[in-house]
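Start from the sequences, fold in the hints, and give me the full structure.
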Amino acid sequence: MNFRRLFLIFTPYTWLLIFFLIPFAIVLKISLSDYAISIPPYTPVLDLEAGWAGVKEFLSALDFENFTFLTSDALYYTAYLSSLKIAFISTVITLIVGYPIAYGMAQAPDEWRPTLMMLVILPFWTSFLIRVYSWIGILSNEGFLNQFLMWTGIIDAPLQILNTNTAVYTGIVYTYLPFMILPIYSALEKLDGSLIEAAEDLGCSRLQAFWLVTFPLSRPGVIAGCFLVFIPALGEFVIPSLLGGSSTLMIGKVLFEEFFVNRDWPVASAVAVVLLLILIIPIVLFQRNEQKQREAEG
Amino acid sequence: MNRRFSWFNATSLTLGFAFLYLPMIILVIFSFNQSKLVTVWAGFSTKWYVELFRDEAFLNAAWVTLKVAVVSSTVSTLLGTMAAYVLVRAGRFQGRTLFSGMIYAPLVMPEVITGLAMLLLFISIGLDRGVFTIILAHVTFTMCFVSVVVSSRLATFDKSLEEAALDLGCTPFDAFKSVTLPIIAPAVISGWLLAFTLSLDDLVIAQFVAGPSATTLPMKIFSSVRLGVSPQINALSTIMISIVTVGVITASLVSKRSIARQRAEEQAAVRN
Amino acid sequence: MAQPANRPVFAPWTDPNEKPLIRFQNVTKRFGEFTAIDNITIDIYRREFFALLGPSGCGKTTLMRMLAGFETPTEGTILLDGQDIAPIPPNKRATNMMFQSYALFPHLTVWDNIAFGLRRSDMPKDQIPARVEEMLKLVRLEKFARRKPHQISGGQRQRVALARSLAKAPKLLLLDEPLGALDKKLRQDTQFELMDIQEKTGTTFVIVTHDQEEAMTVASRVAVMDHGRMIQVDTPDRIYETPNSVYVADFIGDVNIIAGTATPKGDDKVSIVWAEGQAPIAATAPGALTPGTPVHFAIRPEKVAIATQKPEDRANVIEGTVEDIAYLGNISTYKVALPGGQMIKAQVANDRRIARRNITWEDKVWLSFTDTAGVVLLN
Chain F
78 MNFRRLFLIF TPYTWLLIFF LIPFAIVLKI SLSDYAISIP PYTPVLDLEA
128 GWAGVKEFLS ALDFENFTFL TSDALYYTAY LSSLKIAFIS TVITLIVGYP
178 IAYGMAQAPD EWRPTLMMLV ILPFWTSFLI RVYSWIGILS NEGFLNQFLM
228 WTGIIDAPLQ ILNTNTAVYT GIVYTYLPFM ILPIYSALEK LDGSLIEAAE
278 DLGCSRLQAF WLVTFPLSRP GVIAGCFLVF IPALGEFVIP SLLGGSSTLM
328 IGKVLFEEFF VNRDWPVASA VAVVLLLILI IPIVLFQRNE QKQREAEG
Chain R
392 MNRRFSWFNA TSLTLGFAFL YLPMIILVIF SFNQSKLVTV WAGFSTKWYV
442 ELFRDEAFLN AAWVTLKVAV VSSTVSTLLG TMAAYVLVRA GRFQGRTLFS
492 GMIYAPLVMP EVITGLAMLL LFISIGLDRG VFTIILAHVT FTMCFVSVVV
542 SSRLATFDKS LEEAALDLGC TPFDAFKSVT LPIIAPAVIS GWLLAFTLSL
592 DDLVIAQFVA GPSATTLPMK IFSSVRLGVS PQINALSTIM ISIVTVGVIT
642 ASLVSKRSIA RQRAEEQAAV RN
Chain Z
15 MAQPANRPVF APWTDPNEKP LIRFQNVTKR FGEFTAIDNI TIDIYRREFF
65 ALLGPSGCGK TTLMRMLAGF ETPTEGTILL DGQDIAPIPP NKRATNMMFQ
115 SYALFPHLTV WDNIAFGLRR SDMPKDQIPA RVEEMLKLVR LEKFARRKPH
165 QISGGQRQRV ALARSLAKAP KLLLLDEPLG ALDKKLRQDT QFELMDIQEK
215 TGTTFVIVTH DQEEAMTVAS RVAVMDHGRM IQVDTPDRIY ETPNSVYVAD
265 FIGDVNIIAG TATPKGDDKV SIVWAEGQAP IAATAPGALT PGTPVHFAIR
315 PEKVAIATQK PEDRANVIEG TVEDIAYLGN ISTYKVALPG GQMIKAQVAN
365 DRRIARRNIT WEDKVWLSFT DTAGVVLLN
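For the record, the sequence lines run as chains F, R and Z.
Residue numbering for the first sequence follows the numbering used here, starting at 78 and increasing by one per position.
Residue numbering for the second sequence follows the numbering used here, starting at 392 and increasing by one per position.
Residue numbering for the third sequence follows the numbering used here, starting at 15 and increasing by one per position.
Read the hints as simulated data drawn from the structure, not as lab findings.
Predicted model, so just to flag it, every value in this text is computed and none were measured.
Think of the CB as a built atom: it goes at the ideal place given N, C-alpha and C, for glycine as much as any other residue.
DSSO-like cross-link-like pairs, simulated, lysine-lysine; straight-line CA separation at most 27 angstroms:
| # | chain 1 | residue 1 | chain 2 | residue 2 |
| --- | --- | --- | --- | --- |
| 1 | R | K568 | Z | K139 |
| 2 | R | K550 | Z | K162 |
| 3 | Z | K106 | R | K550 |
| 4 | Z | K157 | Z | K139 |
| 5 | Z | K283 | Z | K317 |
| 6 | R | K568 | Z | K106 |
| 7 | Z | K106 | Z | K33 |
| 8 | Z | K198 | Z | K157 |
| 9 | Z | K162 | Z | K198 |
| 10 | Z | K378 | Z | K317 |
| 11 | F | K133 | F | K106 |
| 12 | Z | K214 | Z | K106 |
| 13 | Z | K359 | Z | K378 |
| 14 | Z | K185 | R | K550 |
| 15 | R | K568 | Z | K162 |
| 16 | F | K267 | R | K647 |
| 17 | R | K647 | Z | K162 |
| 18 | R | K550 | F | K369 |
| 19 | Z | K185 | Z | K106 |
With the C-beta cut set under 8 angstroms, the calculated list includes, among others, these residues of chain F facing chain R:
| # | residue |
| --- | --- |
| 20 | M182 |
| 21 | W202 |
| 22 | I213 |
| 23 | E219 |
Structure, rendered in structure tokens:
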């Protein structure tokens with residue numbers, strides 16, 4: 078019995094230690110190393126054959142130089158700031174787009190709702206890459222949007238949308254919309270209808286009842302949805318690479334290029350470490366929101 | 392909710408679903424376009440599908456992706472189910488907090504970081520990059536999704552069912568195999584499907600850990616769409632979208648029918 | 015109560031030569047700081063229908079789970095047939111349990127649920143179908159063998175659970191609130207069915223319940239528990255008639271409790287001074303009492319007579335005013351206020367039609383009872 082329990086704990090635990098925790102230790106270590114034109118492209122390399130002296134020498138060669146470098150080169154901190162800005166604005170837009178959809182679903186007749194639910198989930202199972210790709214044909218200069226706008230006569234010359242931040246916002250809103258709709262919908266669906274009737278009975282108009290009763294009660298869902306969009310959007314790589322332009326700075330893309338194009342592993346690692354540190358704040362807030370909701374549900 | 396379905400609700404649903412589906416519908420329509428220009432309709436044709444199936448590189452990439460997805464989702468379902476069992480049932484043990492942290496962290500970890508960290512691990516232990524390293528990386532990041540799905544099912548599982556099995560003479564393993572597993576099977580299956588889809592879908596992590604010898608389908612798509620739209624990709628997308636659509640609709644119909652049947656039977660049981 | 019009067023009385027606990035099937039020896043169970051079972055010692059005999067009765071959290075379920083093997087005692091030993099069962103895992107024990115939630119396997123049919131334990135026993139494969147049929151017949155579910163648990167009603171599920179736990183012919187069957195999920199009418203029918211099955215199979219039953227009526231109906235002996243301790247272990251009639259404490263008297267049935275001080279009057283008789291201006295209560299108490307011992311006098315409402323005329327030949331007579339009447343159909347309970355403010359309940363069987371009864375609200379009445387009707391409790 079005890080052997081079995083040990084095996085059960087040991088197997089996934091070991092896997093995660095080796096393939097999840099140790100890699101992060103390596104990232105941290107390399108972020109403290111220096112760039113070198115060699116293989117691997119950083120120093121120091123831990124020389125275990127040199128024994129204790131080797132470890133000591135290794136440790137003394139580690140420093141925060143890369144992190145200082147991140148603050149001195151405008152590229153990095155503007156990339157962080159611009160990622161935060163893009164993630165924030167897209168989250169707000171996703172909320173504005175997603176809330177009415179979730180609300181409409183919750184108000185829909187019972188027999189529609191499984192179908193509506195399926196329609197929201199279906200894109201989630203569809204390839205992320207394809208969903209991003211589908212916007213290239215729409216937003217490009219010869220794309221459907223420009224064709225449509227010129228056909229209606231609103232514009233004479235095609236607008237440059239693809240390869241701008243607008244395209245990135247569109248891509249993020251589009252791909253992460255289900256993550257916003259689902260938690261809000263599940264919060265709204267649980268709402269007791271007699272609460273709104275009570276509010277109206279006590280003199281609220283429908284709009285007031287919405288603002289004073291429905292919206293506050295759906296707040297846990299709104300918060301969860303916002304974090305579910307904001308957190309992955311912050312480190313997004315595919316969307317800025319495909320839809321963004323050269324002026325679109327997002328930290329996921331910077332990291333990728335630092336690693337593959339510049340081959341500067343230490344700086345790429347430092348970028349990753351700082352990104353993680355930035356992410357910890359929303360993640361902790363998100364966890365707290367989830368916990369509060371679980372407690373409220375008993 | 393008191394349901395008062397208004398014109399406002401109808402409009403927001405219509406516009407919302409149009410936004411969600413129009414881009415994909417356009418994609419599908421233009422996969423049948425005669426012209427190479429994906430934005431100008433020039434007549435119906437299936438030639439891009441024919442070309443797609445002639446393209447060795449695409450077929451190879453698809454094959455690699457399928458292999459990786461089947462193997463990694465199976466291993467990750469195994470590990471993820473074990474992890475879920477440990478989380479829900481094993482009680483306290485040394486390092487439990489670290490364990491649950493490692494289960495939940497990958498859910499919110501940016502793929503670029505996971506990919507970078509995995510790659511640096513493989514390089515430092517001198518593992519040759521290829522299909523095998525993609526599988527290792529995919530198992531790691533998908534097992535967490537599996538264990539979240541399975542553990543939420545296990546949390547609502549009536550523990551006395553397992554106790555009853557023990558009481559009737561099962562060994563703990565026998566109890567798991569003949570009682571727990573059949574009951575949580577739907578969650579395990581959806582965990583597997585989720586892992587499979589995530590693996591099929593993954594670009595960023597594969598990009599890091601694949602090395603020059605292996606190319607997955609998303610990597611192939613990515614490198615070709617970087618150069619702009621291509622009708623061949625539209626054809627490929629259409630195939631993938633159709634598979635998912637058929638799968639999701641079938642699954643929801645099956646579950647809808649089994650729920651309806653169960654309800655009818657329960658009502659019949661009450662009447663007896 | 016459970017035993018017909020024309021048979022020799024079933025009372026192995028009075029026979030010093032009888033070996034108990036189960037023996038708890040100074041068993042204590044702690045969960046961290048919390049003591050669930052506090053130094054319990056009891057014997058349970060073969061063929062007994064033993065009820066563990068108490069409010070939720072009194073430790074009765076923990077006691078049962080220790081018998082099943084899901085908990086191990088922190089201190090003390092549990093012997094089954096003279097053998098310490100602590101090291102035996104649940105799947106190797108000759109006990110079976112019927113769970114409160116029934117714990118029927120939802121993915122298996124009724125038939126497979128009942129066969130589940132048999133397939134894991136040393137019973138030859140070809141004998142299993144016959145045994146399952148026998149069990150189905152015992153609980154009258156032959157027609158439902160091919161159904162899944164969600165396709166049968168709550169009462170039928172309860173019987174499947176019973177059949178499943180009896181199929182392996184355990185030495186001891188544990189029943190955890192077996193009737194808790196049934197409605198009242200069904201529960202009463204099932205109680206008699208349970209007794210019937212227990213008698214037919216000759217299995218020893220240990221039942222956990224918080225329903226005193228259920229415990230009194232089915233059990234040969236009832237153990238009243240509170241805060242992990244055994245308060246009283248006795249036959250249902252003795253628990254009811256001669257409770258050993260205010261707790262037991264109060265927990266089982268309805269009771270009037272009067273506090274006072276007792277003075278012995280010789281011949282087991284005591285007189286209890288209980289209120290200013292009232293005559294002392296004449297009662298019977300076993301054993302010697304020192305004069306002035308504080309006691310509680312407990313008397314059941316149905317043993318208190320109520321009349322509009324003062325009765326002459328009763329040992330105890332008290333005057334009061336009717337404050338409230340609860341009409342329950344077969345009986346009526348009168349709440350009578352005494353001059354000192356105390357309340358005493360008297361219960362009367364309604365053997366006449368309502369128009370013929372002559373006591374109503376605000377009436378002056380006389381309450382009376384004999385000197386053997388109540389119990390004197392020391393504590």
